[in-house]
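Trainee: Throw the hints in and build the complete structure from the sequences for me.
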Amino acid sequence: MLSEAFRHEHRLALRNPVRGLLLSRLEFSNSSSVRRADIIAPWHEILVCLGGECMVQRARDASPRLIREGTIVGLNPGERYNEEHFTSGAAGVLVTFGLRDLEALGIADFVFGDGAIEDEAFVQAVREIVRADGETEPGEALRDLLQALTGRHGVAIPADKLFAVKREIDKNPHAPLYVAQLAEMANMHPETFTRAFARRFGITPIRYRLHRRLLEAAHLLLTEPHMLVSDVATRVGFEDLRFFHRSFRGRSGISPAAYRQWFSEAAQGRRRASGIPPKAGSSSSGEAAA
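Read in this note's numbering, the sequence shown has 134 at position 112, and its numbers run on one by one without any break.
Worth double-checking, as some hints may not be accurate.
Unchecked claim - So the derived label-pair ranges between C-beta atoms look like this:
(1) Asp83 <-> His211: 32 to 38 Å
(2) Gly128 <-> Ser51: 36 to 42 Å
(3) Ser55 <-> Tyr200: 19 to 25 Å
(4) Gly275 <-> His248: 36 to 42 Å
(5) Trp284 <-> Arg222: 52 to 58 Å
(6) Arg222 <-> Asn194: 18 to 24 Å
(7) Ile228 <-> Ile179: 19 to 25 Å
(8) Arg271 <-> Ile228: 16 to 22 Å
(9) Ser110 <-> Ala202: 51 to 57 Å
(10) Ser55 <-> Asn209: 44 to 50 Å
Derived by calculation from the structure, the hints in this document are not laboratory data.
Note that the Cβ used here is the ideal one computed from N, Cα and C, for glycine as well.
Mentor: Structure follows, in structure tokens:
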């Protein structure tokens with residue numbers, strides 16, 4: 023939920039510096055702890071704290087894990103977690119790398135282990151990226167860094183039918199695939215497949231597909247500012263526009279148009295604060311007709 027207090031004390035910047043990667047930077051100034059509960063990692067995520075106090079508790083963790091400045095936490099696709107953050111001094115910064123397409127990034131399938139990741143070279147590179155603030159894109163150098171990080175701290179996974187189905191949903195969340203078709207991919211009876219998928223990933227396949235569609239919609243709302251909300255809904259697989267609005271509001275707390283507007287205004291505010299002029303043709307209103 024994006025509460026009024028959250029919107030006032032937070033600024034979020036999103037970029038796609040290389041194909042297959044979503045890079046986000048959350049700046050926060052709240053002195054009281056803000057908790058985001060029951061988040062589902064849509065893909066592999068790498069969290070790096072560069073300031074403030076951050077805590078992450080994954081479903082497999084017995085207790086919250088404090089992410090100290092310079093510490094890295096890896097999340098696997100579909101993993102549920104809670105996140106808290108606050109700062110007692112200067113603004114805190116939490117940088118997240120979303121590995122949306124491993125193949126495009128040249129990374130083999132893998133999973134992160136349980137422990138926190140210590141990698142000073144990667145943290146220093148992240149600091150440089152934040153310092154550049156989008157004026158220059160790291161491109162191939164960033165892809166090389168991600169390949170090295172996942173190679174050192176990830177564990178290769180063997181072929182797995184349930185994981186293969188999940189990957190199919192990840193790659194094509196818009197596809198009109200129903201339980202029977204997904205179960206056929208896994209060579210299972212639909213009811214057996216649904217139970218096995220839920221045991222493995224903590225969510226039913228249909229709810230996971232809905233979650234992935236909403237994430238893709240959120241991504242399009244921010245990266246395609248002139249696309250109509252109705253077209254966004256259709257692009258990600260929603261046939262019922264009202265159901266899309268209801269589902270999006272239920273997940274984020276605001277409508278798709280308001281979501282786009284808030285992040286557009288947050289980005290404009292960040293540019294004004296840093297002295298960077300708005301991009302030509304950009305608007306802070308972020309309106310979208312459905």
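Trainee: Tell me the hint numbers this structure goes against, listed in increasing order.
Mentor: Numbers 3, 4 and 5 - these are the hints that the structure violates, sorted from lowest upward.
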